[in-house]
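Protein sequence lines, in the order shown, are assigned to chains A and B.
Be aware that the first sequence starts at 1, since it is given in the working numbering, and climbs by one per residue.
Be aware that the second sequence starts at 258, since it is given in the working numbering, and climbs by one per residue.
Do not rely on the hints blindly, as some may be mistaken.
[Stated by the list, open to error] Here are the simulated DSS-like cross-link-like pairs (lysine-lysine), alpha carbons at most 27 Å apart as the crow flies:
{"#": "1", "chain 1": "A", "residue 1": "K102", "chain 2": "A", "residue 2": "K229"}
{"#": "2", "chain 1": "A", "residue 1": "K229", "chain 2": "B", "residue 2": "K365"}
{"#": "3", "chain 1": "A", "residue 1": "K164", "chain 2": "A", "residue 2": "K102"}
{"#": "4", "chain 1": "A", "residue 1": "K229", "chain 2": "A", "residue 2": "K164"}
{"#": "5", "chain 1": "B", "residue 1": "K365", "chain 2": "A", "residue 2": "K164"}
[Stated by the list, open to error] Stretch-level coverage of chain A by chain B, calculated; a stretch enters the list once three of its residues show a Cβ under 8 Å from a Cβ in chain B:
{"#": "6", "segment": "90–103"}
{"#": "7", "segment": "117–128"}
{"#": "8", "segment": "164–178"}
{"#": "9", "segment": "184–190"}
The set of hints was computed from the structure by calculation and includes no laboratory data.
Predicted, not measured: the structure shown is a model, and the values here were computed from it.
Using N, Cα and C, we set each Cβ at its ideal position, and we do this for glycine too.
One-letter residues, chain by chain:
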Amino acid sequence: MLQAHSLLWHYLWVAPNVLLLLLAALIWRRKISEQYPVFLFFAVVSAIEQLTVYVTDLLPSVSPEPWYYIFGGGLLVEALIKFAVIGEIFGVLLGMYPSLAKLGRALISMAGAALLSVATAVAAFTPENNTHWIVSHVHIFEQSIYMIECGLILFLFGFAAYFKLRWSRPAFGIILGLGISACVHLATWALMATPHFPEVYSVRLVFLNMATYHVCVLIWFYFLLVPPKKISRAGGSPLPEHRLEVWNEELERLLHK
Amino acid sequence: MNLAIVIVIFAALALAIILSVAVSRSLQTSRRNAALTAAIRPIDIEAFRNLIDPAEDSYLRRRLPPAQFRVVRRERLRAMAAYVHVAGSNAVVLIRVGEAALASGDEKVAGAARQLVNDALLLRRNTTVALARIYLALAWPNSGFAAARVVERYEHLSGAAMLLGRLQNPVVPVRLSALN
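Please model the entire structure based on the sequences and the hints provided.
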C-alpha cells in the first residue's frame, strides 16, 4: 500500500490539489479572496503545478532528468508564492495594529535575511546524496526553502504571541496550514537529502508529506469556509469612553515626547 | 546525518509550538474585563522616579568608589527592570481589555478600544526596548549612553503607567501607580 504508484499514492497526490482548486473557486465566489488575493493565486498555481508534475510523472515519455527539472522549476515558483502568502498574512495581521507596522516590517525583514543566511550555510554543508546532481540539488533546495518558510512562520506566531495580537480566522487558518506543512516537509526533506538514506523509508516519507498536505488543505477549508462559533462576551463592560480619549491623548503625548 | 538530525529536531519543535498555539487559541475563553483589570499591578511611581533620576546616579558616581558604584548601579538597574517588567505586563492586560471591547456592537466603543490596543502595543514595544537597554546597561554599568537613554524611556513609561491607572473603571479604579 505504501508504495509509489499505489492507489493511495495516486489519491494523496491528486485529491489535495483538486480540493485546493475547489477551495479557490469557493473563496472566489464568497469574495473571501478579496482580502487574500495572494492565497487565491497560490491555491490555483500550486494545484496546477502539482497536477502537472503528477501527469509528467505518469507519462512514460518524460525521463527522470527532465522530470526533476520540471519538479525543481515548480518548486521554485511555489516557494516564491508561499513567501508572498506569508507576507500577505503578516500584512493582514499588522493592518489591524498600525502602531506595530514599522517595527513588524523591520523585524520580519531581518528574520528573513537571517533565515536565508542560515539556510544557505546549511545547504553548503549538506553533502550530495545522489550521483545525479539535479536530484541531490533539488533535495537540498527543497530543504532550504522549507527551512526559511518554517522560520518565517515561527517568527509570525512568536511576534503575534508576544504582543498578544488577535488573528483573523482565515489568516490564522492559512498560516497554520502552511506552518504544519512546512515543519513536516522540512523534517522529511532533511532526512531524504541525507546520503545513503534507505529508499524504502524515502517512499514512506513522501507518503507522510502528501498526507500532511492533504490535512493542511482540509485545515484551509475549515478556517476559510466554516463560520466561527459565536462566543459570548459576557461581562465585557464597555470601557469608559471619555477616559479612554484622555488616556490616549496623554499617552500619545508621552510616547512622542 | 548529524545535520539532518538537528534539522529534524528543529522542525519537530517548530511543529509542537505551532500546534500548541492552535490548541491554546481554540481553548481561549474570553475573560471578564473585571478579571483582566484585576491582573493590573500598581507601580509605586515616586520610587520609580527616584530610581530613574539622573541626578541620583551622578551623586552616587561622585560619592562612591568605582567598584562600589557599579554594584549599586546594577542593583538600581535590576529594580528598574522590575518596574518596567510590570509596566509591560500591564500593557498586555490593556491589550486584552481592548481586544475584548473590540467585539462591542457600539462603533464608538470599538473605535476607542482599537485606539487603546494600539497605545498599549506602543507601551509594550517601548518596555521591550527599555528592558533591552537595561540589560545592556547591566553589562556596562559605567556607560553614560545606557543611563541617559534608559532614563528617558523610563520617564515615558512612568507617565504611561500613571495614565494607565486613570484609564480604569471610574467606579472601581484600578491603579497602576500606588501613589497616584
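Verification of the hints:
Restraint check for A/K102 and A/K229: not satisfied, since their Cα atoms lie roughly 33 Å apart, outside the 27 Å limit. For the hint pairing A/K229 with B/K365, the CA-to-CA distance comes to about 25 Å; that is within 27 Å, so the pair holds. The suggested pairing of A/K164 with A/K102 holds, with an alpha-carbon distance near 17 Å, which does not exceed 27 Å. With a C-alpha separation of about 21 Å, the suggested pair A/K229 and A/K164 falls inside the 27 Å cut-off, and the hint holds.
The straight-line distance between the Cα atoms of B/K365 and A/K164 is roughly 23 Å, inside the 27 Å bound, and the hint therefore holds. For a cut-off of 8 Å, the count of residues in the segment 90–103 of chain A with a CB near a CB of chain B stands at 5, and the three-residue condition holds. Against chain B, the segment 117–128 of chain A contributes 3 residues with a C-beta closer than 8 Å to a partner C-beta. That satisfies the three-residue criterion, and the hint holds. Remark: the segment 164–178 of chain A is confirmed as covered by chain B, as 5 of its residues place a Cβ nearer than 8 Å to a Cβ of that chain, reaching the required three.
For the segment 184–190 of chain A, the assignment as covered by chain B holds, since 4 residues bring a beta-carbon within under 8 Å of that chain's beta-carbons and 3 suffice.
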